[in-house]
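Visitor: Given next are the chains, with one letter for each unit.
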Amino acid sequence: MKIVARHDEAPGVKTLRLEFQEPAEHEYFKKTYRTGMFGLYGVYGEGESTFCVASPETRKDYIECTFRQSGRVTSALANADIGDLITFRGPYGNRFPIEDFHGKNLLFISGGIALPPTRSVIWSCLDQREKFGKVTIVYGARTVADLVYKHELEEWQERSDVDLVLTVDPGGESPDWKHRVGFVPTVLEEAAPSPDNCIAVICGPPIMIKFTLISLKKLGFDEANVYTTLENRMKCGVGKCGRCNVGSVYVCKEGPVFTAAEVSRMPAADL
Amino acid sequence: MAKIGVFICHCGENVGAKVDCTKLAAALGDHPGVAVSVEYKYFCSDPGQESVKKAIRDNNLTGVVVAACSPRMHEATFRKACAEAGLNPYLCEIANIREQCSWVHTDKDLATEKAMDITRSMVEKVKRNNKLQPIEVPVTRRALVIGGGIAGIQAALDIANAGQDVVLVEREPSLGGHMAQLSETFPTLDCSQCIMTPRMVEAAQHPKIRLLTYSEIESVDGYIGNFTVRVRMKSRYVDIDKCTGCGDCITKCPAKKISSEFDCSLGKRTAIYTPFAQSVPNIPVIDKANCIYFKNGKCKICAKTCQCDAINFDMPDTFVDLEVGAIVVATGFQVQNNSLYGEYGYGKYPDVINGLQFERLASASGPTAGKIMRPSDGAEPQTVVFIQCAGSRDPSKGVRYCSKICCMYTAKHAMLYAHKVHDGKTHIFYMDIRAAGKGYDEFSRRAIEEDEAAYIRGRVSKVWQENGKLMVRGVDTLLGKPVEIAADMVVLATAIVAQPDAKEFAKTIGIGYDEYGFYNEAHLKLRPVESSTAGVFLAGACQSPKDIPDSVAQASATASKVLALFSKDKLEREPVVATNNEVTCAGCWGCVLACPYNAIEKKDIVDRSGRVIKRVASINPGLCQGCGTCVTFCRSNSIDLAGFTEKQIFAEVMGL
Amino acid sequence: MTKILFSDKLDKCVERWKSAGLTVMGPVQRANIKTYAAVEHASEFDFGLILTDRSIKDLFFPQTEPMLRYTIKKDAINTDECLPPREQRIIFGARACDASGMAIDDPLFGWDYKDEYWFQRRNESVIVTIACTNADEFCMCTSLKMAPDSTKGSDVLLRPLENSKGWQVEELTERGREAFKTIADLLQEGSDTAAPVAAVAEKFDLDACVAWLQNPENFDSKFWKEISMRCIGCASCTYLCPTCHCFDIQDEGDTYSGIRRKNWDSCSFALFTLHTSGHNPRSTQSARWRQRIMHKFNYFPSKFNANSCSGCGRCSRECPVDMGITETLQEISKLSQ
Amino acid sequence: MSEPFEPKIIAFVCTYCTYAGADLAGTSRLKYAPNVRIIRLPCTGRISPMFILKALQKGADGVLISGCHPGDCHFTHGNYHARRRWMVFRALLDFIGIPPERVKYSWISAAEGVKFAEFINSVTNDIRKLGPFEQYSQLIEQTQAPASL
Amino acid sequence: MSIEEQYRKRAMELLSGGAVKMVIGYGRGSNAERRRPVFISSPEEVNRLVLDEACIANLSGYLVNEGLLSDEKRVAVFLRPEGIRAINILAAESQLDAEQIVIFGFDVSGNEVKALKGIHVEEFEDVIGAIKEHAPEMGNEELLEKIEQMNPQERFAFWKEEFAKCIKCYACRQACPMCYCRRCIVDSNQPQWVNTSSHSLGNFEWNIVRAFHLSGRCVECGNCDRACPVNIPLRLINHRMAQEVLKSFDHFAGMSKTQEPVLASFKKDDSETFIL
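Protein sequence lines correspond, in order, to chains A, B, C, D and E. Residue numbering for the first sequence follows this note's numbering, starting at 1 and increasing by one per position. Residue numbering for the second sequence follows this note's numbering, starting at 1 and increasing by one per position. Residue numbering for the third sequence follows this note's numbering, starting at 1 and increasing by one per position. Residue numbering for the fourth sequence follows this note's numbering, starting at 1 and increasing by one per position. Residue numbering for the fifth sequence follows this note's numbering, starting at 1 and increasing by one per position.
Hints are computed from structural coordinates only; laboratory data are not their basis. Keep in mind it's a predicted model, so treat the numbers as computed, not measured. For every residue, glycine included, the Cβ atom is placed at its ideal position computed from N, Cα and C. Among the clues, some could well be false.
What the hints assert, rightly or not - What follows is a set of in silico ranges between Cβ atoms, one per label pair, in the way DEER data are often shown:
(1) A:K217 to C:K73: 32 to 40 Å
(2) A:A5 to C:R86: 52 to 60 Å
(3) C:L335 to B:L132: 53 to 61 Å
To be verified - Partial chain D-side listing against chain E, Cβ under 10 Å, derived:
(4) F5
(5) R85
(6) P132
Please model the complete structure; the sequences and the hints are all you need to start from.
Guide: Structure below.
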């Protein structure tokens, strides 16, 4: 796939927009891709790395991915320039059942670099805004600089049909920070809408998910109405190589999207 | 991925004649990641450089390879050009296709092929180059000079006279060092004290010099420009602010029979004393070990005598913490203990003395007021035998090296003796006469020709006492005959050795030393006054045996180094330094040992509650010189060297 | 009367199979290791081995193999997928535990995406198993509800004759029958009796263990830490295991070309699950050992209907610190009583 | 017969001595064999045994390592550390069967352009005589196929 | 009283008095020949400790398990002389504080188990010095001799066959007390110096790098050799390297807890006959 756009999101975090070179592959993607699925992005000589497709299922002309530069592959991807070719394998995994969300209020909760998977769902819903009720987004990061998709955050902020609640961890605020300061679960408890007829989608580091689930429970959310996506380490993407296993679940095949009810049946320590 | 510009320089015919530059440019043009590949007659010319800059701007290049002459020629030129075009200069590398290719090969095809490899490999390196910024280190403009002998005083005065603050630390009660002990100095025979004392006073009174005598260095931390030094001021038991230096206490002190260190045991001193009459500062100290009050709990005569109430028996040691930007080490030397040579009878026969003791005998302010007298009975010696190389150049018992000054001072001793004892006879056993230096050979010839010193080339095997004489048996190797001389006094030209605690002290300040304990210069030829630790300089005999002119010259050289360092607010250094990945570091400290610059320290990683969770290596960029020895040592591959990173070298090899 | 293959005919059989284009493989001792490898002559086989050091997995899922070659040019990257070399093989003298191990992994490699590397080799191989008449203290097939003469995964089962002169032949699959057609004339009908199979003591109560493992409460039992305290975290158990199937994908090459490879990987390694963020779901060795046991006896069966263990005992036999599945399940058996 | 074998040789040198010596060979217009590719490093202390292994992986028939004479190291004692490391690594390679003739060490100062040229020529000749490092290239060749015993 | 009984008694005293928090020793294994590491932390369990001639594993590696010594409490451990040397190296390389280690020293000659006197690592310097002077037989001298006699091609072929068996299970590394790195160089992938794949080249590189990293540090306890599931004579290489550093630098790994690592130090007159 060819890189057609590149954007620095936060220190070490980049977004690439990719376009298909092979029509057949593009057709396949259009046919199969649904929000929540992931892919393996690769650079020959370095290997492949797994992240979600950050673009929504309502926009299938391209793929966007957002990642933090840390290892061998992500370093190579981060150095890739517009016009460069990289590989994409996928889309793999299951999806968010967006049709089931129709007519419901939506609560998106996300932390740090985990906004991309949430963002895919958010746009999938915002692109057909009329089908959903109230939309609330709670997003937090360690520091102001670590917030990703700053442009879109502004856009959501502007929209009257979206409630955006931004927060940074204590100590992470900049002098001109006008939003909240505090950890996501705490802020959530202050800002969350009523659990009635509400679907929650959370994505974040394991520790955030853990505490957010507790908060949601406290707020009265039913586990079956809470969705999350697990970002485990993967290599094959097709249920063979074994590293994404959590309990009997192959996250790459049966996930990455799970309801909180499903997650609660997994061995918590292995998450 | 990358957008590398490759600029192939013909260097007129120098490259072009043997490397097909067009072919080279085409080959590199096809190399992955190369955005521009062009050739030109002379890229180092102004238009050449301009074209590089233009290419950088036009193509948004992420790296530049100039295939041309050696980087030792024009790396700086092209890096500067890159910087001018907005590209970080460290993203430019040179592929050496002239000195190491076109000039040394005859077959054009093979040379072209090699040039391709060299350039491709460099392109692969540049792809992984990082933007580097020169390292800026703030500089504290205050120098610490350790040692108050002639070298230390000279360095301190030079720095202070240039307007910079100096702290001069001396561990003895007075400035002066060995030079203050000398009688006259070669080759001019001017009185040592006469030229030394004014410098001591000047140093003590200089507004820019803070003098800490009777003080020792406890610890040194930090790095160039930013040292923190703790100094222990040993208790004098005399309040330096109250004491007027009248000397009444010294006169009254009942403990009078203490052997004087300054007089090399040839004289006596009291328990409260100044080392010598012209001491600077002229404030006495109490020698606790010999003080009657400290021994028996009774006396305090000095305190009663003192009109200023300056004596304080409860005075503790105090500590001073200093922030300094540079350190001059001028800790001097000692003379070797001659009792190593039992056959010469040193220590057994009182009339066998060493050169420094002779200096005291000859000194007008010495224990005999300058009269040459035998220590045993005070008689004037009529025959004196001098033995040179008593310790020097003797791998079996002494030291391997030449102590450098003995030939000259022995000649001087012979002259002084001849001037004082007109009918005396001198015999000098020597191995070679080393009299290189301005006026030195003339001086030693004078000893022979005018003062009738009898030089005997050969070694002494034994000295013994017989009929009130010291019998000296040696061999005259020129005559090939044994010699026996009945002498009244024997003077050994003892070896100059490092201070007894030199190695320990080197560890305290973090500099290197040789097997003898002399301090290592950064480079024997090119950086002779710098230690291996940036910001620490060496003056005088602590580096190697030296005479006064050499010590003074080196001291002034250190001063110029210090002043150069102090000429800027911030020190700018090449960013080719090592960094450590603290996550993967196993804390084995091999790098700490391997580092020639003591640039690596142990660092504790603590959790939120302050508990140490692990210890890792931490590299001080201020001290690191960028050799990369630590990188190679590191088994977990945690350390890397900017400019020559593991990734870069890997890529260079893989690109070949 | 049963079909019998006499040992003295085996060399002819090897030749026959070879001339039919088959690579003949089987247990051998080479360079101080017991393993399955290709042979030229029957004399190279070593049927006296209780079990090879390395498992038959090596022949179906090698420790490293190229998946794809790539060449990097300035404007394009050329790739070339590499499937295993085509090769019809007969593996003569496998053990039942090894053969069944391959069958255990079939569903894993076959669900959803079908792993071509695995199935090409599976389809091109005939496994001729020889029932064991000897066992050592580490063998535990019976504890896994299998036996020294289990047929799972085998195409042909041979039972050693009591007189040691050959084997009774039992063709199990079409592929087995096909392969033995080539040597049909070298087989004889006979009434020689088969030696009794090895007596392998049952070492633990599998059902009780599985029940214990399935109880979520036991996931956090301190048992896991105690049992794995001496585990040093190497991969010898997983790499010698016939059923362990985890792998890694790595690119290797220089600036201009390289190979994307499939390499064994192991849940014993801390890096196996380490996230980019630094978070590691299985950060302790005990969590990793628990995963291995849980995977084999709880998770895998829940998906693929079989324990991911064929009872070969190699994990215990070769463990540098004398651990292994046997000990762990024995201890669990005790706990579940 | 085909053309005589031309070995591929990779050299790792320190920039202060040997690299400068190589430059001197150039400015003196000395001629030597074109088989060697030089990688420049700050100091011999930076030369890791891994470099040698990677050079071999790239198909080098020989590897050269060179730096400042003892006592001349710009970094005071990088070369002393390197010398110990090489002593050990050399023994290891020898024991593993990588012939010592294929990995050569030298001290070449910035003034020794002639020594540099002679060194390159003599090593190139020696390795040309030894022939290609076939045993190692077989190792590399075998990585193309699935692992087997 | 047999040494086993003596040591059980000592373990009991130390544990019940709280002088140590744990005793790492040997227990019965899954068959008569095997002994397995056991971790005893209560006096009631001391009878699980076994000490006989089958106790050969070097247990010192467990001491650097993350967190074990971080509470600054003492741990006792059964060690043969090689294990004691390993403690010295681990202390010299700052991986542990020797003060925290209580040694139950023993040695085996033939079928006889001897107690070694001492508790702290410093007390064993004579024992170690004696080994430096007279290295005990390893049982691989014949093979070593054979390899030394080979020409390089034969040696290469020999090791190629041996390394071909390697499956990169890293049992050698994991069993080795000296391989305590948090991240092994093979797991460092930027760049990937050592090919991770277990093919001919990758296996060569891995085994060379490990042997190099152990040069001057290996105490020849044989843990790697015994751990290797494919029977590569790993100890042979490490033994050869130990000989080399002894011969070239008079360095015997693990002489004392303050010994400088041989490759992080140097002498100006180190041999350099091979440098042109």
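Visitor: Evaluate each hint against the coordinates.
Guide: Tested hints:
1. Checking the proposed 32 to 40 Å range against K217 of chain A and K73 of chain C shows it is violated: the Cβ atoms sit about 56 Å from each other.
2. About 44 Å separates the C-beta atoms of A5 of chain A and R86 of chain C, a value inconsistent with the hinted range of 52 to 60 Å.
3. Checked against the hint of 53 to 61 Å, the C-beta distance between L335 of chain C and L132 of chain B comes to roughly 60 Å, which is consistent with it.
4. With a cut of 10 Å, the hint placing F5 of chain D at the interface with chain E is violated, because the nearest CB-to-CB distance is about 17 Å.
5. Restraint check, R85 of chain D versus chain E: the minimum CB separation of about 6 Å is within 10 Å; hint holds.
6. Taken as an interface hint, P132 of chain D does not check out: its beta carbon lies about 13 Å from the nearest beta carbon of chain E, beyond 10 Å.
The structure is inconsistent with the numbered hints 1, 2, 4 and 6, although it conforms to all the rest.
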